[in-house]
Amino acid sequence: MTEEQEAELDEQADDVEEEVEDEAEGLQEGDFVEIEYTAYTADGDQLVDTTDPEVAEEEGVDDQGQEFKPRTIVLGEGHIFEAVEEAIIGSEPGDEGTVTVSAEDAFGEYDPDDVQTVSAEKIDEDDRYPGANVQIEGQQGYISTIIGGRARVDFNHPLAGEDVEYEYEVVEEVDDREQQAAGLFEMYLGLEPELWIETDEVEEEVPVEPDEDDEDAEPEFETEVVEKETLYLEATPQMTMNQQWMMGKQQIGQDVIDQIGVDRVIVQEVIDGMGGMGMPGMMGGMGGMGGGDIEEALEDADVDADEIVEELEGAEE
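Residue numbers (UniProt numbering): 1 to 317.
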């Protein structure tokens with residue numbers, strides 16, 4: 001095959017790819033969408049998840065510190081069960097539907113081999129009761145029974161073996177990048193931080209092309225001003241102490257960079273002033289001495305230190 005034939009085939013392949021993209025209608029992988037949903041086990045006995053505050057109240061889970069409202073996800077990124085994603089792809093904002101997710105694709109089939117008998121000594125004394133969630137040798141499980149010094153611990157997911165029925169509605173496609181970023185952080189952390197996107201000019205060291213004739217030349221760098229699109233994020237105390245953030249901030253930040261298309265994420269911690277109250281434990285005017293000589297301070301205040309000592313001794317007598 002000649003180079004001209006190869007080029008012609010490549011051009012034809014590009015044309016076919018463009019036609020396929022043009023024919024694709026509705027929401028596609030990579031799109032940010034805001035959805036509402038409620039999921040129960042297929043028998044309807046147990047709530048799995050919901051964005052509806054009324055459902056949460058009815059099921060008695062509205063007091064868990066979670067905000068129940070529509071959620072932003074990225075299609076194709078595994079943010080929701082694959083069967084639900086497949087149903088949403090190709091749909092339009094306003095569409096709704098119901099999807100049954102098989103146990104295998106939801107929380108896995110129930111495996112009897114994942115129920116083990118362990119010594120009660122491996123379990124914290126406060127957790128030695130049926131139903132307690134425990135962690136044994138890095139595995140999360142719950143106690144099904146406990147008798148004497150032995151406990152039966154089930155390491156299956158509590159919803160293993162259950163088909164799950166999802167009712168969903170596509171609220172809108174999310175195009176605003178700050179809203180997209182906020183949705184990602186809320187999905188990962190369970191809270192929506194204050195954030196904004198700016199373009200900054202940043203000085204950066206860049207390599208200089210070496211002289212081709214000088215094989216022994218050492219690499220050289222020069223400072224260059226470049227533009228970087230930055231997502232600024234205000235770190236509240238709730239965020240700083242969030243376990244998901246503490247354990248995975250690098251991964252979360254990188255995912256946001258990849259999904260939103262910014263160059264970097266800068267996390268800012270704000271420390272509010274105390275209204276001139278000074279450091280705790282310091283007494284009014286004494287706090288400003290900075291560890292200086294107390295006798296000098298008393299002289300400046302026209303107070304005789306010896307007189308104060310005599311008065312204190314007289315009081316003790």
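To be clear, the hints were calculated from the coordinates, so they are not data collected in a lab.
Bear in mind that the values here come from a model prediction, so they are computed numbers and not experimental data.
For every residue, glycine included, the Cβ atom is placed at its ideal position computed from N, Cα and C.
Do not take every clue at face value.
What follows is a list of derived Cβ distance ranges for each label pair [unchecked claim]:
#1 Glu8 / Phe221: 19 to 27 Å
#2 Pro112 / Ile257: 37 to 45 Å
#3 Ile89 / Leu9: 26 to 34 Å
### Query
Checked against the structure, which of the hints given earlier come out wrong?
Hint 1 alone not satisfied by this model.
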